[in-house]
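A.B. asks: Spelled out, the chains give:
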Amino acid sequence: TQLLEQSPQFLSIQEGENLTVYCNSSSVFSSLQWYRQEPGEGPVLLVTVVTGGEVKKLKRLTFQFGDARKDSSLHITAAQPGDTGLYLCAKASGSARQLTFGSGTQLTVLP
Amino acid sequence: GAGVSQSPSNKVTEKGKDVELRCDPISGHTALYWYRQSLGQGLEFLIYFQGNSAPDKSGLPSDRFSAERTGGSVSTLTIQRTQQEDSAVYLCASSPPGLAGVGELFFGEGSRLTVL
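Note that the protein sequences, when read in sequence, are chains A and B.
Here the numbering used here is used: the first sequence runs in plain steps of one and ends on residue 111.
Here the numbering used here is used: the second sequence runs in plain steps of one and ends on residue 116.
Pulled out of the complex, with its shape left as it was, chain A reads as follows (with noise of 0.2 Å):
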């Protein structure tokens, strides 16, 4: 089994702050997605991102993918209460078209 673990599990700030949420794998991946599920509702897709090194920015969330493809990071920059959710990694391998899914950082933005 491909593991991909996520850092951390639980996060819970205040609204205005800034934060980091971690992908790892232990094998190399073809391509990264990020999806946010909120409660009682399917994940929804984020970003994808398939180059190593890159940066992908979406409002005040930047995604960065590692360099030996391997892990990525998600940051947020002054959260936000509607930030709130399951933020869940996603990684495809070679030719496969399944994608592994990490177990998720559960965020809570307070107000």
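Simulated from the structure, these hints should not be mistaken for laboratory data.
A couple of the hints might just be wrong.
Unchecked claim - Straight-line C-alpha distance at most 20 Å; calculated SDA-like pairs for lysine to any residue:
#1 A/K56 / B/G103
#2 A/K56 / B/K57
#3 B/K11 / A/P39
#4 B/K57 / A/A92
#5 B/K11 / A/E41
#6 B/K57 / A/Y22
#7 A/K56 / A/A92
#8 B/K17 / B/L116
Place chain B on chain A using the hints.
C.D. replies: The following block gives chain B in isolation, referenced to the frame of chain A:
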């Protein structure tokens, strides 16, 4: 509706009973996935269908689990002789045809299964 539709949204059953969960993917999407999610946890891959190809069943946890996809559209996940450890949210996702690699997965809201 344009999204992935799953039914039932909630199912409570007794240990040993069989259950069927249904997924209606987005029209035109050729790939269909089933995942299982325990409370607050990540997603566990179960099975993947792609067009007319043989499904990837490598994630099914036991032979009590099976799935089929009729006519390349609707899929049914069947759990026979349910056990308490089968309690979870079962998520279905579909993905449009595309180039090599994994595209965006569009998820339904899930079917919450509780086995008493």
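A.B. asks: Against this structure, judge whether each hint is valid.
C.D. replies: Verification of the supplied hints:
Using a Cα cut-off of 20 Å, the hinted pair A/K56 and B/G103 holds, with the two alpha carbons roughly 17 Å apart. For a cut-off of 20 Å, the pair hint linking A/K56 to B/K57 is broken: about 34 Å separates their Cα positions. With a C-alpha separation of about 17 Å, the suggested pairing of B/K11 with A/P39 holds against the 20 Å cut-off. For the hint linking B/K57 to A/A92, the alpha-carbon distance of about 17 Å falls within 20 Å, and the restraint holds.
Taken as a hint, the B/K11 and A/E41 pair is honoured in the structure, with Cα atoms around 16 Å apart against an allowance of 20 Å. Between the alpha carbons of B/K57 and A/Y22 the distance comes to roughly 29 Å, so the proposed pair goes past 20 Å and is violated. Only pairs whose Cα atoms come within 20 Å are accepted, and A/K56 paired with A/A92 is accepted, the gap being roughly 18 Å. In summary, the hint linking B/K17 to B/L116 is supported, as the alpha carbons are separated by about 10 Å, within the 20 Å threshold.
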